[in-house]
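Q: The task is simple: from the sequences and hints, build the whole structure.
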Amino acid sequence: MGMQEVVGQVVADLAREYFADSPVGASPLPVIRPPAEPGALAALERRSGQSFEAGYRAFLSLTDGLEGFSLFLLGCRDWESGGRGEVGEAFRETTLDSDPEDVGVGVAPGAPLFPVAVNEDGSQGVFLIDPAGAEERFWLTGEGDSFFFREFADVLGFLADAGSCEPRESLLP
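Per the numbering used here, the sequence shown starts with residue 103, numbered consecutively.
Simulated from the structure, these hints should not be mistaken for laboratory data.
Each residue gets a CB set at the ideal place from its N, CA and C atoms; glycine is no exception.
Wrong hints could be hidden among the right ones.
Pair ranges (Cβ atoms, derived) [unchecked claim]: (1) 122 - 148: 38 to 46 Å; (2) 156 - 118: 23 to 31 Å; (3) 139 - 188: 19 to 27 Å; (4) 214 - 182: 30 to 38 Å.
A: Here you go:
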């Protein structure tokens, strides 16, 4: 299934959940944004310090971020001054201070650990990672969780339905 189909299915499910609530709107409102401009996408990739996983690049080419989950999926515009990217960066610093080596991430300050999603209070998020030798590129962590995903489509599926996949809990062998 291509990223366009994955995003379409996820947004349809979010909208269905939003309108099924009583009272209507108790769930977060799903918001699809216009696609990221190619120049903004290239600048964000440079900022991340690593190459984007193909699915994440495709996602940002469809919608520059997405709201409607408990986590905000960050886009290029979120990294403008005052945007949600600041919450993501603060979460990154907190995560680095907590010494993530116990799950095999093994990153140092300034290492490529880039926030792609964060909750409102900055206590949980998803990072794009580039660990040597591991196939997983995304790490969901915070609030007692630690899950690794190969592709961004897996992250979307998990956020929409936690039973949709069985992510790894550690990168350690």
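Q: Evaluate each hint against the coordinates.
A: Here is what the structure says about each hint:
Look at residue 122 against residue 148: about 41 Å separates their beta carbons, and that is inside 38 to 46 Å. Distance hint for residue 156 and residue 118: a CB-CB separation of about 28 Å, consistent with the stated range 23 to 31 Å. Between residue 139 and residue 188 the beta carbon distance is about 21 Å. The supplied range of 19 to 27 Å therefore holds. Restraint check, residue 214 to residue 182: a C-beta distance of roughly 21 Å breaks the suggested window 30 to 38 Å.
Hint compliance for this structure: hint 4 is the single one not met.
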